[in-house]
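Model the full structure from these sequences, guided by the hints.
One-letter residues, chain by chain:
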Amino acid sequence: MRDNRKYVFIGIIIIIGLVFISRLFALQVLDSNYKLAAEHNIIQRKVHYPFRGLVLDRKNNVLVENEPVFDVMVVPKEVEEDQKDKFCEIFNIDEEKYDEKLKNAKSYSYVKPSIFIKQLPLEEFAEIEDNLVGFNGFYVSPRTVRSYPHKSMASALGYIGEISKSQLEKYEKEHYEQGDFIGKSGLESEYEQELRGVKGISYQMVNVRGLVKGKFKQGLYDTLSSPGSNIKTSLDLELQQYAEWLMEGKRGSVVAIEPNTGEILTFISAPSYDPNILTGRDFPKNYQSLLEDTLKPLFIRPLMSPYPPGSIFKLAQALIALEEKVIFPYTRITCNRNIIACHGDHYFEDLKGAIKNSCNPYFRETFKRIINQNLDENTYKDSEIGLATWNKHIRSFGFGTPLGIDIPNEKGGFIPQPAYYDKLYGDNRWKFSTIYSLAIGQGEISIVPIQMANLAAILANRGYYMTPHFIKDIDEKESIPETYKVRNYTSIDTGHFPIVIDAMEQVVKKGTGLRANVPGIDVCGKTGTAENPHGEDHSVFICFAPKENPKIAISVFVENSGQGGRAAAGISGLMIEKYLLGEIKRTWLEDYIKKGEFIY
Amino acid sequence: MRTEGRLTDNIDWTVIAIYLALITFGWLNIYAAVYDPENPTSIFNFSLNSGKQLIWIGISLVFASIIMLMDFRFFRTFSWLIYFMVIASLIAVLFLGTEVAGSKSWFQIGGVRIQPSEFAKYACALALAKFLNKSNFSFRKFKHIVAIAAIIIIPLALTVLQGDTGSALVYSAFILVLFREGMSPIILIIGVLSAILFILTLLVSKIVIIVAMIILGILGILLSLKEAKRIILVIMAVVYSIGLVISVDYVFNNVLKPHQQNRIQVFINPNADPMGAGWQVTQSKIAIGSGGFWGKGYLKGTQTKFDFIPDQSTDNIFCTVGEEHGFVGSLILVSVFVFFLIKLVQIAERQKSRYARAYGYAVTSIFLFHVMVNIGMTIGLFPVIGIPLPFFSYGGSALVAFSILLFTLLKLDAHRLQILGR
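Protein chains in written order, with the numbering used here: chain C, 28 to 627; chain D, 162 to 583.
No lab work stands behind these hints, which were simulated from the structure alone.
Watch out, some of these pointers could steer you wrong.
Taking CB as the label site, the calculated pair distances span [stated by the list, open to error]:
1. C:D112 / D:I314: 52 to 60 Å
2. C:P311 / D:N206: 52 to 60 Å
3. D:F413 / C:V56: 33 to 41 Å
4. C:Q71 / D:G404: 34 to 42 Å
5. C:E127 / D:L364: 51 to 59 Å
6. D:I314 / C:E127: 52 to 60 Å
7. D:P198 / C:N163: 46 to 54 Å
8. C:D126 / D:I348: 58 to 66 Å
Positions of the beta carbon are idealized from the N, C-alpha and C atoms, including for glycine.
Okay, structure coming up:
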């Protein structure tokens, strides 16, 4: 019997062997987690951030560049306790903060570096650089932040910021990870893909203490970073800065467009801010104060602020009436101020005179003829047909929908359609007399300032517009999207434009837009005074110049500064003088604009 | 005396071949464990463990040759002398020894450290065989039982006193020898069941186990109503079990040292503290598991190279095998050990004398315990117990002692026809 016990032995040995082999099979073959865990142990992923592309103006002035900053990193394991006092003294932080930061770093990792002091600017870094050498466990990691050498164009350029959780989920995983920066608004956001460049990633092997022991698989999976593309914009830095200077202390928008290309020369949302405050470590604080500012500097007025256009709308109304053949250049209409208020000394003008004098009764009648063309016996029905026809025309000017400019958040304004009034008043419950305010750019209608500038460009081009845009080229290669090369024709025949343009010339030479009159240049413009039920009227002016072969189309909208002929026309005139002549001779007008007392 | 062939005819060359293969493969793996890819040094560099191990391999081979050339009767004749000399050295090391990593179990002689407890297992095996070989030996004699217990417990206790609990646990393997030589299997079974109960108590609420024991006991009594003896036996078993369960907390908290408590807790719940107490188990599983089917290739392991594994050339040498040679390498190594151990059982069985057979089983049991616990702990099947993998782990005393242990058996085996059984 005892001899059988040898089989017990052999059995035990075999069972142990089988248990080990099956356990090894489970660990090594079935479970792939250990492979991952092993790589996680030894592989340190290092990201090499590329230089973000530069943004240039049309004359190659650098508008946005990169500035070096320095993160002070800490490796908690290497930090010596007795250096705390000295460190706090030299780097001017209190001990509580020091302890807290060290604790945070420890909770991340004892052996991997984490940020201790964020984004020291170059000059501060230069001061402490030498001191840092004496401290164990502290290292410096250079990186870059955006910098705006001219402090201009905040709203067009936009800003970059840390990617949000929702963006992280939305965008491609290979490009972004937590903590990365991404364009948040303006051109930075629109051209994010071009500007961001490609991150380089290298994998290093580290030992249990975090010491680098070489490249993982001889660098097989490493990628090089490549810098982002440089974006050349159509902006004209000089004109932009001049107009910004003129708009100082005012609220509103200035947009200047090169009519035959649609290139935006100037883009101002006033008041603005220095874009440099939204870079670097003070971003959260400064962003918050901009958000809380009652003047809303982060609000991109040229794109986002809908205003009633006021009298500048009469230009479009005149063109539609001509196209619909309900009036003709010689049509005269009595200025009957019993029906609607008017201003100035005139009585029975033709179209040209009506535009020059901005005659309200004339355009009320004109609009009536557009709306009620007696196509239906029922006056309600007839108004509905008329408004639909008018809608077709007015929308061909780019009103009512966003134009498609190449920065985000553009609004389209509002052009009421018959359905809107049906909903508001009921079917067949409204007619011309209900909606006549539209005639003079008041009432339910609203457009945004970029659309006003686009209207000026349409007039300059005698009937078409190029969608306004900022992009000129990317890395010196012509890369304007096709949509920006297409002429968008209005529904108005080119032949109807000269009479309106002549009238606009008269507005500037002899009418309400005198301040836009630049000696030696034929400027065509139209003033507007948008009624503002909440306070002083808004001053509006659109214009283009020169009359033949126009080079610039402008809209200026100054909130709460009274008639368009004053602030808005003055600013427009000075901009034309600056852009086309290069120097300002009418310095008295500059003084007038800068003084800013327009309301009298 | 029977016919004497030439000595070489009776030597088991298969086992010697396995021995040579194991020490060679072990030596290569020690080099892999200490290899620094940034700063590669020769495998023969004597400042590295691999170079030192080569010296020890040489010394072991010298010892092996001497043993093969000695008179085979030497061992049986001087079993007691060897035993008492080793016991004396175990006592001496307590006073004269050098402390390394918490264990005072080393003699420092010049640049060489010798660990007498490694040789104590050998001495104990000889003494045990010698005693079992007594003509009037019987497991029924209380005197003999006490003597056997003393032979085993004296070196065990001295090893515990040195602070080397791992090596002390090896002595429990001798129970297998006694089992083969006629001891009732009940002790073996009670031992295994007690260990299971101990672990179970740490896992499950004590009340549950006690209630379960009582229910089992009542069932046992109901099934053996007519036999008073069995009822008493059942009651004793239940009382013993409950006593054990109740004492677990005391043993765990008061007898075991904190690091031993940790090791058991980690064994029970490996993921509780992966960065602290569970570090070694987690990391050795990662290293072995990441080897995959074919392994990462010789000298290409990352976990062992970058020091994620503590004691990687000694107790955790199997991690290097698992990582660099994958499942295939591990399978071969485990199979070779299994084959080796079965071979030893066969050798033990073919001995004519009880002395040689008992010694053979002692050798088998010691190797079995070492292989089982060492590989078992690296793959998470045993608590971490710091004992070497035979012929593999770096360590001079262990290698020489294992070699002497094995070659003494081979020497006795070579002369098995000359040693008459009783």
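For each hint, the structure was consulted:
1. At about 59 Å, the beta-carbon gap between C:D112 and D:I314 stays in the expected band of 52 to 60 Å.
2. In this structure, C:P311 and D:N206 meet the distance hint of 52 to 60 Å, their C-beta atoms being roughly 57 Å apart.
3. Here the CB-CB span from D:F413 to C:V56 is close to 36 Å, well matched to the stated 33 to 41 Å.
4. Hint check: C:Q71 to D:G404, Cβ distance near 54 Å, so the stated range 34 to 42 Å is violated.
5. For the hinted restraint 51 to 59 Å between C:E127 and D:L364, the CB-CB distance of approximately 41 Å leaves it violated.
6. Between D:I314 and C:E127 the beta carbons are some 57 Å apart, a value that agrees with the proposed interval 52 to 60 Å.
7. A hinted range of 46 to 54 Å for the beta carbons of D:P198 and C:N163 is inconsistent with their spacing of about 27 Å.
8. The hinted range of 58 to 66 Å is satisfied by C:D126 and D:I348, whose Cβ atoms lie roughly 60 Å apart.
The earlier numbered hints that this structure contradicts are 4, 5 and 7.
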